[in-house]
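Peer 1: Based on the sequences and whatever the hints tell you, model everything.
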Amino acid sequence: MSLKPRQVDFVSTWEAIQETIRGVITLDHVPRTVWNDRFSDVYSLCVAHPEPLADRLYTETQQYLADHTTQLLQKVQADGEHNLVKNYFHVWSQYSVGSQYLHSLYLYLNQQHIRSQKMSDAEIIYGSADPSTTNQGEQMEIGELALHVWTANMIWPLGSRLVKLLLEAIELDRAGQPPTIPLEAVRGTILSFVEVQAYKKKAHLHLYIELFEDPFLNDSGEHFKRDAALLLQEKDVSMYMERVKAKIEEELFRARRFLHASSLPKVAHRCELHMVADHLQFLYSECQNMVKYEKKKDLSNMYHLLKSVPNALVVLVDTVFDHIKNQGLSAIHNLQGESIHINFVENLLTVYKKYKELIKEVFKSDQNFMGALDKACNSVINHRPNDGRSPCRSPELLAKYCDTLLKKSSKGISEAEVDEKLSESIIIFKYIDDKDVFQKFYSRSLAKRLIHQQTQSMDAEESMIDRLKQACGYEFTSKLHRMFTDMSVSTDLNNKFQAFIKQEDIDLGINFGIYVLQAGAWPLGQAVVTPFALPQQLERSVQMFETFYHNRFNGRKLTWLHHLCQAELKLSYLRKPYVVTVQTFQMAILLLFEKTDALTCKEIRETLQLNTDQFKRHAVSLVDSKLLLSDTEEIDETETTLRLNMDYSNKRTKFRITAAIQKETPHEVEQTMNSVEEDRKMYLQAAIVRIMKSRKVLKHNLLIQEVYAQSKVSFAPSVQLIKKCIESLIDKQYIERTPHSSEEYSYVA
Amino acid sequence: MADENENEKMDNENQKPEKMFTLKKWNAVAMWSWDVECDTCAICRVQVMDACLRCQAESKKDSYGKQDCVVVWGECNHSFHYCCMSLWVKQNNRCPLCQQEWSIQRMGK
Ligand SMILES: [Zn+2]
Ligand SMILES: [Zn+2]
Ligand SMILES: [Zn+2]
Numbered sequence: 001m002s003l004k005p006r007q008v009d010f011v012s013t014w015e016a017i018q019e020t021i022r023g024v025i026t027l028d029h030v031p032r033t034v035w036n037d038r039f040s041d042v043y044s045l046c047v048a049h050p051e052p053l054a055d056r057l058y059t060e061t062q063q064y065l066a067d068h069t070t071q072l073l074q075k076v077q078a079d080g081e082h083n084l085v086k087n088y089f090h091v092w093s094q095y096s097v098g099s100q101y102l103h104s105l106y107l108y109l110n111q112q113h114i115r116s117q118k119m120s121d122a123e124i125i126y127g128s129a130d131p132s133t134t135n136q137g138e139q140m141e142i143g144e145l146a147l148h149v150w151t152a153n154m155i156w157p158l159g160s161r162l163v164k165l166l167l168e169a170i171e172l173d174r175a176g177q178p179p180t181i182p183l184e185a186v187r188g189t190i191l192s193f194v195e196v197q198a199y200k201k202k203a204h205l206h207l208y209i210e211l212f213e214d215p216f217l218n219d220s221g222e223h224f225k226r227d228a229a230l231l232l233q234e235k236d237v238s239m240y241m242e243r244v245k246a247k248i249e250e251e252l253f254r255a256r257r258f259l260h261a262s263s264l265p266k267v268a269h270r271c272e273l274h275m276v277a278d279h280l281q282f283l284y285s286e287c288q289n290m291v292k293y294e295k296k297k298d299l300s301n302m303y304h305l306l307k308s309v310p311n312a313l314v315v316l317v318d319t320v321f322d323h324i325k326n327q328g329l330s331a332i333h334n335l336q337g338e339s340i341h342i343n344f345v346e347n348l349l350t351v352y353k354k355y356k357e358l359i360k361e362v363f364k365s366d367q368n369f370m371g372a373l374d375k376a377c378n379s380v381i382n383h384r385p386n387d388g389r390s391p392c393r394s395p396e397l398l399a400k401y402c403d404t405l406l407k408k409s410s411k412g413i414s415e416a417e418v419d420e421k422l423s424e425s426i427i428i429f430k431y432i433d434d435k436d437v438f439q440k441f442y443s444r445s446l447a448k449r450l451i452h453q454q455t456q457s458m459d460a461e462e463s464m465i466d467r468l469k470q471a472c473g474y475e476f477t478s479k480l481h482r483m484f485t486d487m488s489v490s491t492d493l494n495n496k497f498q499a500f501i502k503q504e505d506i507d508l509g510i511n512f513g514i515y516v517l518q519a520g521a522w523p524l525g526q527a528v529v530t531p532f533a534l535p536q537q538l539e540r541s542v543q544m545f546e547t548f549y550h551n552r553f554n555g556r557k558l559t560w561l562h563h564l565c566q567a568e569l570k571l572s573y574l575r576k577p578y579v580v581t582v583q584t585f586q587m588a589i590l591l592l593f594e595k596t597d598a599l600t601c602k603e604i605r606e607t608l609q610l611n612t613d614q615f616k617r618h619a620v621s622l623v624d625s626k627l628l629l630s631d632t633e634e635i636d637e638t639e640t641t642l643r644l645n646m647d648y649s650n651k652r653t654k655f656r657i658t659a660a661i662q663k664e665t666p667h668e669v670e671q672t673m674n675s676v677e678e679d680r681k682m683y684l685q686a687a688i689v690r691i692m693k694s695r696k697v698l699k700h701n702l703l704i705q706e707v708y709a710q711s712k713v714s715f716a717p718s719v720q721l722i723k724k725c726i727e728s729l730i731d732k733q734y735i736e737r738t739p740h741s742s743e744e745y746s747y748v749a
Numbered sequence: 001m002a003d004e005n006e007n008e009k010m011d012n013e014n015q016k017p018e019k020m021f022t023l024k025k026w027n028a029v030a031m032w033s034w035d036v037e038c039d040t041c042a043i044c045r046v047q048v049m050d051a052c053l054r055c056q057a058e059s060k061k062d063s064y065g066k067q068d069c070v071v072v073w074g075e076c077n078h079s080f081h082y083c084c085m086s087l088w089v090k091q092n093n094r095c096p097l098c099q100q101e102w103s104i105q106r107m108g109k
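If you read the sequences in order, they're chains A and B. Under the UniProt record's numbering, the first residue of the first sequence is numbered 1, with each subsequent residue one higher. Under the UniProt record's numbering, the first residue of the second sequence is numbered 1, with each subsequent residue one higher.
The set of hints was computed from the structure by calculation and includes no laboratory data. Predicted model, so just to flag it, every value in this text is computed and none were measured. No residue lacks a Cβ here, since even glycine has one placed at the ideal position from N, Cα and C. Any given hint could be a false lead.
As the list claims (entries may be wrong) - Partial pick of chain B residues on the chain A-facing surface, computed with a CB cut under 10 Å:
| hint | residue |
| --- | --- |
| 1 | Phe21 |
| 2 | Thr22 |
| 3 | Leu23 |
| 4 | Lys25 |
| 5 | Trp26 |
| 6 | Trp34 |
| 7 | Cys44 |
| 8 | Val70 |
| 9 | Val71 |
| 10 | Val72 |
| 11 | Asn92 |
| 12 | Arg94 |
What the hints assert, rightly or not - No more than 27 Å apart at the CA atoms, straight line, and that leaves these computed lysine-lysine pairs for DSSO-like:
| hint | chain 1 | residue 1 | chain 2 | residue 2 |
| --- | --- | --- | --- | --- |
| 13 | A | Lys576 | B | Lys19 |
| 14 | A | Lys496 | B | Lys25 |
| 15 | A | Lys570 | B | Lys19 |
| 16 | A | Lys502 | B | Lys24 |
| 17 | B | Lys90 | A | Lys693 |
| 18 | B | Lys19 | A | Lys602 |
| 19 | A | Lys576 | B | Lys90 |
Peer 2: Here you go:
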């Protein structure tokens with residue numbers, strides 16, 4: 001074959017081409033040599049001399065295809081309506097493949113002649129050109145031309161009749177009837193509406209949607225409505241949901257068999273619209289019960305169905321919220337007895353874990369439900385009993401729970417278990433609004449553990465504080481850290497003091513140790529220092545330590561907290577020797593009996609200068625422990641005579657008399673609550689100073705917002721309180737109102 | 001703290017008639033505070049045992065929340081946060097409480 005342009009006789013060449021086209025388009029046998037010759041003929045015509053004959057070739061080909069399809073149109077209608085789809089599908093199967101071969105035969109025309117006059121792809125996709133107009137005047141590549149001709153000559157005339165038959169076929173399939181049209185033909189015909197647009201860059205589903213999908217969806221919609229109405233007659237939500245779920249599955253399966261993939265979500269949506277969204281009230285009617293009795297299968301179905309409808313989940317989410325909240329409140333309602341704090345925390349954790357698990361299993365941990373769990377926990381944990389008139393006890397009870405775990409105890413609970421429980425307590429902690437109140441109670445019990453050497457393990461103490469720090473930040477735990485610092489500073493002081501008395505060759509007569517606490521860092525209440533005449537045995541220790549301390553520090557004074565001191569006394573007057581650990585006041589009372597066997601309360605009080613309250617508490621504890629005997633039933637602080645019990649015996653040779661100390665009195669609880677208010681003011685003032693120092697000038701509302709954001713980790717301050725603190729800082733001249741606005745403040749350096 | 005055997009040994013060596021009660025060990029607890037007439041700093045109106053408001057606002061991140069905000073005593077024996085007083089004297093070299101000329105008597109340590 002020669003590539004040189006030459007003169008070509010169009011009529012004879014076209015006749016040969018036309019013969020081959022007929023074979024190609026009907027998938028007849030075309031010998032390789034013939035194919036090759038025609039391939040060259042197309043080329044020759046396109047480059048013909050003196051004038052290229054491409055346009056003429058194009059027009060003739062178009063005409064040929066038009067004639068061919070017109071014949072096919074007659075042929076498919078020949079066997080009557082019930083064979084229409086089958087026949088259409090048969091000729092389409094042939095034509096669609098044949099047109100692809102034809103496209104290849106015209107390769108040169110497509111590539112050199114047509115593509116060069118067409119707009120670039122980019123122009124079609126991004127340009128303003130309307131693809132429907134480009135098809136009209138301009139030439140198409142031959143494959144596209146063939147499909148275009150098919151659309152015009154087959155689909156337009158037959159379309160509505162085909163669709164009617166197709167919909168009937170699908171309806172028959174839904175009814176479970178045997179097909180009257182081969183399923184392959186149904187599917188193939190439907191997909192032909194997509195395939196004829198395959199060359200389109202844009203909106204290639206347009207024909208399919210308009211011609212078939214829209215009528216199909218409307219038809220299906222009616223079907224779903226009828227189905228729903230039928231199912232609703234049973235008035236059984238649980239069954240209804242099962243059926244709808246199955247129905248959606250079934251329709252999706254059908255869609256996969258017959259339709260283009262893009263229709264699947266639309267089918268599901270239609271089904272959900274008519275079977276779920278249209279009957280929300282019916283579904284909601286059982287929500288309450290399903291949640292109440294925690295019917296997992298029903299709830300899971302409900303979730304899957306409602307999820308598909310915008311905003312429809314809200315009712316279920318709210319119902320779940322109410323349920324968890326009620327369960328939570330009843331789990332902590334009316335707790336009685338010694339271990340309220342343990343029941344409180346562990347019951348709440350049980351509720352939390354149960355519903356977290358349920359939400360995971362039934363609602364796939366959906367954020368809406370996780371949010372409801374959080375909200376419910378929050379409102380249970382911050383619930384104020386008596387319609388909000390009583391204070392919320394969660395911070396106190398949780399702190400007490402931690403105390404029980406961290407304190408030395410005889411209960412056989414392993415260190416790993418303690419750690420596990422403490423780490424779970426953080427779950428509850430995170431929901432507490434007034435975290436600062438928790439911190440108060442926590443620091444009080446920490447103080448007692450440290451001072452009375454009741455700490456089970458320093459590692460456990462520190463890892464708990466780390467957890468709190470992680471949850472609330474450094475500032476939140478800094479006061480707790482200060483207590484630990486005092487403990488280690490005290491260890492150091494004790495060592496230095498021992499070295500000091502050794503060096504000075506001083507004999508204290510006793511084994512002396514001390515904790516020196518920084519005032520303000522320790523929540524020791526008002527640390528009431530009551531009068532007390534120090535037993536002579538202790539005088540030297542106190543004197544020497546004061547001397548030592550004042551040599552080391554400037555401008556400090558020491559206050560001895562005798563109610564927190566402990567002594568070990570050896571008792572040698574009984575059948576066997578005992579060592580008893582007592583508080584300083586108890587020790588002082590006992591020491592008086594060295595010289596005499598009996599003393600009146602009046603004598604004891606006067607000698608020791610103890611106030612009535614302190615005296616009574618400790619005298620009672622000594623009588624209760626049977627170390628002392630009382631001559632009256634009730635101890636009278638004046639008349640009663642106490643004497644030493646010379647017949648005392650105890651199985652243990654080392655024991656402790658604790659009764660009077662560690663009980664948290666209601667008074668202490670109240671005191672703790674009151675000190676919170678003062679601390680909050682301090683905290684807010686520091687926050688305002690901090691913010692103003694960095695911002696210099698700030699509008700009132702912005703300042704309030706920032707303060708709120710900063711304090712939120714610890715408590716939720718009222719705007720009123722923030723305003724009060726701003727005023728007080730203006731008074732103290734930390735900040736001032738700017739001259740141009742009373743709603744703006746500036747920092748005073 | 002320290003060993004108990006030492007005490008016991010002492011008791012035996014001295015051969016004293018044994019006492020009924022022997023005080024073996026005393027674990028004392030004491031609280032230290034600045035030796036001031038007034039607990040509150042008159043300049044920032046925060047307790048002198050706590051850091052002054054500016055130091056609290058800075059919330060220094062150094063170890064264990066201890067803030068180096070000490071107390072200073074004037075010759076007049078009035079006391080304030082050192083931070084507060086050093087800012088104050090820049091404007092007015094008199095004690096805010098008694099108006100005497102300010103001079104430092106001692107510093108807390
Ligand atoms: Zn100050
Ligand atoms: Zn300061
Ligand atoms: Zn003064």
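Peer 1: All hints are to be evaluated individually against the structure, with a verdict given for each.
Peer 2: For each hint, the structure was consulted:
| no. | hint | verdict |
| --- | --- | --- |
| 1 | Phe21 | 5 Å, holds |
| 2 | Thr22 | 4 Å, holds |
| 3 | Leu23 | 5 Å, holds |
| 4 | Lys25 | 4 Å, holds |
| 5 | Trp26 | 5 Å, holds |
| 6 | Trp34 | 6 Å, holds |
| 7 | Cys44 | 7 Å, holds |
| 8 | Val70 | 8 Å, holds |
| 9 | Val71 | 6 Å, holds |
| 10 | Val72 | 9 Å, holds |
| 11 | Asn92 | 13 Å, violated |
| 12 | Arg94 | 17 Å, violated |
| 13 | A:Lys576 with B:Lys19 | 14 Å, holds |
| 14 | A:Lys496 with B:Lys25 | 18 Å, holds |
| 15 | A:Lys570 with B:Lys19 | 9 Å, holds |
| 16 | A:Lys502 with B:Lys24 | 18 Å, holds |
| 17 | B:Lys90 with A:Lys693 | 19 Å, holds |
| 18 | B:Lys19 with A:Lys602 | 25 Å, holds |
| 19 | A:Lys576 with B:Lys90 | 71 Å, violated |
Checked against the numbered hints above, the structure breaks hints 11, 12, 19 and satisfies the rest.
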